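This is what each chain is made of:
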Amino acid sequence: MGYAAVNEMAMSGEVAPSVATSMGLDDIEGVMRLYRGRILRYALFAVRDRDAAETITQDCFLKAYRARESFRGDCSLSTWLMQIAVNLVRDYARSKQFQFWKRAQTAAVDVSEVAEFLPHKGSSAESRLLAREQLKAVWQAVDKLSKMQREVFLLRFVEEMDLLEIAAVMGMKESTVKSHLYRALNSVRTKVSAGTDGSQT
Amino acid sequence: MREHLTAKEISRWLVEGPGSDDAAHVRSCPSCAAKLAEARAPLSVFRSAVVAWSEGQTAAPAREPAGWVGLAERLNFMNWVPAFGLALALAVLAALLVGPSIKRQVPTQAKAPVAPISDGVLMEQVDAEVSETVPDAMAPLTDLVAWDSDEAPAQKTGAPKRAAKIKSIEASRPSVTD
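From first to last, the protein sequence lines are chains A and B.
Under this note's numbering, the final residue of the first sequence carries the number 268; numbering is consecutive throughout.
Under this note's numbering, the final residue of the second sequence carries the number 238; numbering is consecutive throughout.
Think of the hints as simulated: they come from the structure by calculation, not from any bench.
Hints may contain errors.
Label-pair restraints from in silico Cβ distances [stated by the list, open to error]:
#1 A:Gly-238 <-> B:Val-152: 41 to 51 angstroms
#2 B:Ala-143 <-> A:Glu-180: 25 to 35 angstroms
#3 A:Arg-135 <-> B:Ala-151: 21 to 31 angstroms
#4 A:Lys-240 <-> B:Gly-159: 14 to 24 angstroms
#5 A:Ser-194 <-> B:Pro-78: 42 to 52 angstroms
#6 B:His-64 <-> A:Lys-214: 31 to 41 angstroms
#7 A:Glu-183 <-> B:Gly-159: 47 to 57 angstroms
#8 A:Ala-261 <-> B:Ala-94: 11 to 21 angstroms
#9 B:Leu-156 <-> A:Ala-160: 32 to 42 angstroms
The structure displayed is predicted, hence computed values, not measured ones.
Note that beta-carbon positions come from the ideal geometry of N, C-alpha and C, so glycine has one too.
Using the sequences plus the hints, can you model the full thing?
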């Protein structure tokens with residue numbers, strides 16, 4: 068399998084753990100190319116700050132590289148990296164720096180910026196508009212979720228991780244993950260349906 | 061025949077995946093398939109936009125770290141300019157706050173050695189203290205002890221008025237035998 072193909076699969080979350088693990092953490096650049104996007108978007112939505120997310124992403128790979136001897140392949144490399152990222156986000160959230168920057172929100176990502184990346188090949192203007200509205204509604208709903216609900220929501224519906232994997236990453240029971248997910252999903256669906264109804268009337 | 065999927069069942073499908081009954085029903089029921097697609101659509105839109113955005117961030121040359129260039133970037137002097145600026149501002153503020161109080165203290169400390177006591181005067185004071193038979197703090201006690209004596213200890217300690225007053229109080233007391 069070519070490197071580009073593996074990269075593409077990792078971007079879409081389809082990379083097989085064995086493939087990624089066999090790459091080895093010594094090739095940290097390769098690992099970064101595979102998983103950077105995933106870690107970055109998780110960190111970004113967890114801390115809501117672009118610069119902080121970049122720092123957390125770099126720290127995540129740095130920490131993984133330093134602790135590479137302790138990775139024995141009990142879980143997938145992706146899960147292991149995500150565990151590190153979750154811990155870094157928690158440390159960051161506890162720090163005073165985060166409390167300060169949370170208020171400042173200097174490098175916050177705007178929904179309109181992300182909306183530019185919506186795929187629109189061959190779609191009508193109407194469907195593009197609907198997609199933008201749906202994105203905005205989900206974005207706002209995710210913004211209102213509690214920290215824990217937001218994290219599990221992102222891991223499930225953006226990273227498409229299964230419940231057991233999320234439980235391992237978050238250090239929770241599967242039942243707790245489910246509970247957070249149901250609440251998060253209900254909030255998002257309520258918000259989306261309210262937004263869609265509002266736009267139709 | 062199975063009933064249509066409820067909102068709760070659709071949520072369960074999205075969170076936990078489809079149950080075998082649900083999957084079979086959705087395959088044969090266009091209405092439920094449409095409802096499920098409607099519930100999935102915003103989540104798919106959100107995912108595709110966020111993934112595409114993060115891929116764009118990864119591909120961006122400014123954000124692409126080659127090896128550990130990102131760490132070097134963090135150590136770049138320009139990144140520390142805001143921190144240095146803040147530290148400088150705090151130092152100036154501290155100087156402004158503490159400066160005047162130091163200025164006020166300096167003259168009082170400088171005045172102290174202006175009137176030095178000569179050695180002779182100091183020695184006289186020490187002699188006077190040492191030659192006293194009873195320290196000042198013990199003087200009231202000696203007054204009490206000397207109530208019934210003929211000697212007037214108050215004179216020794218230099219408190220004649222106090223001793224006279226005590227004697228007058230004693231004299232004005234009614235006698236127990238009366």
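- Task: Could you tell me which of the numbered hints above are not met by this structure, giving the numbers in increasing order?
- Result: Violated: hints 3, 4, 5.
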